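A.B. asks: Top to bottom, those sequences are chains A and B.
Residue 169 in our numbering sits at position 169 of the first sequence, and the numbers go up by one each step.
Residue 28 in our numbering sits at position 28 of the second sequence, and the numbers go up by one each step.
Derived by calculation from the structure, the hints in this document are not laboratory data.
Predicted model only: the values in this text are computed from it and were never measured.
Be aware that one or more of the hints could be misleading.
[Stated by the list, open to error] Calculated lysine-lysine pairs in the BS3-like style (CA-CA distance at most 30 Å, straight line):
(1) B/Lys21 with A/Lys129
(2) B/Lys11 with A/Lys121
(3) B/Lys11 with A/Lys129
(4) B/Lys28 with A/Lys129
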Amino acid sequence: MRGKTAVITGGARGIGESIAKLLAKMGANIIIWDVLEDQARATADAIARNHGVKTLGAAADVTREASVEAALDAAVKEFGGIDILVNNAGVTRDGLLIRMKEEDWDLVLSINLKGVWICTKAVARVMLKARKGSIVNIASVVGVMGNAGQANYSASKAGVIGLTKTSAREFAARGVRVNAVAPGFIRTAMTDKLSDEQRGRLQSMIPLGELGTPDDVADAVAFLASDRARYITGQTINIDGGMVM
Amino acid sequence: MSMSRDEIKEKVIDITCDQLKVSRDQVKNESAFVEDLGADSLDIAELVMEFEDEFDLEIPENEQGIRTVNAAVDFIYGKVNG
Ligand SMILES: NC(=O)c1ccc[n+]([C@@H]2O[C@H](COP(=O)([O-])OP(=O)(O)OC[C@H]3O[C@@H](n4cnc5c(N)ncnc54)[C@H](O)[C@@H]3O)[C@@H](O)[C@H]2O)c1
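All chains, full assembly: derive it from the sequences and hints.
C.D. replies: Okay, structure coming up:
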């Protein structure tokens, strides 16, 4: 990883932050794109201090092509090229399908799916020219198995898995690999709010018997992003304690 | 921005060599990008985007006219000086 440059969207906090930290620990320079500009900067600065790599935290809205293009120009100017893209930015707006508002459908599809296409389109041009690169998309097991209350989210994540396969096919001849990870229930601010009873019900669905951690996701992302996965493209790895088999 | 046909041709050949990894003497006026220079569909897409950037113009998604070096130069010449 040393000397490589990685862009992590939505990397200001949460799973994206864990991914950024691990890639930095392995020696990669880190660029964080997030709508939370201050937090993106703070996270990037902390990573630079702790891991001695070059970092940049910048404002970028993955749903807006112009915003991503501007962030990309700045990144290429500063770092020369981009070797790794992790499409991690994502949101939920849950509700039963028959009660779901159109704006909640549109927002989730726009950030989680269109955002992956926009960032892939922009960064792929740099990677295709360099004839190398690795893209890792963060999907979700919900995109594989569905989940009551998450029509918009599950559709967006299933879309990400399809998009992963098509981009893998289109870019393969240029040595650019594209894979996805599909996390299950991961311990984050979101799942910390669950009651003991809710958590117990969740755990009973997981063969390995416990929730995952952001580091579990980061480990798989780092593997797929690295040259150790040089012969793997178009795949989705479930990181879910065995929920989906 | 007006440019002579020769200036445009020079740049088109530069970009073609760079994108398709071919040497200058392989690129003739009548060379077809796919049949003669070995471009695949992704090369064509990238080539078109390089032309768009270099000459600051838009080439329609389904522009079938740009099959050869000559055709590309003609198309760009028409747009740039049109
Ligand atoms: N937490 C889980 O259990 C879980 C499970 C499966 C998949 N995931 C996926 O993992 C990814 C990260 O989730 P998380 O739990 O860390 O969430 P999070 O909310 O902590 O982090 C998401 C980040 O994305 C950023 N973001 C939102 N909209 C953006 C936009 N338009 N442009 C740029 N950045 C934007 C947010 O500011 C935030 O920093 C998401 O794609 C999520 O769907 C999470």
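A.B. asks: Each hint: holds or not?
C.D. replies: Comparing the hints with the structure gives:
1. With a C-alpha separation of about 11 Å, the suggested pair B/Lys21 and A/Lys129 falls inside the 30 Å cut-off, and the hint holds.
2. Straight-line distance between C-alpha atoms of B/Lys11 and A/Lys121 comes to about 25 Å, which keeps the hinted pair within the 30 Å bound.
3. The straight-line distance between the Cα atoms of B/Lys11 and A/Lys129 is roughly 18 Å, inside the 30 Å bound, and the hint therefore holds.
4. This hinted pair checks out: B/Lys28 and A/Lys129 have alpha carbons roughly 24 Å apart, not beyond 30 Å.
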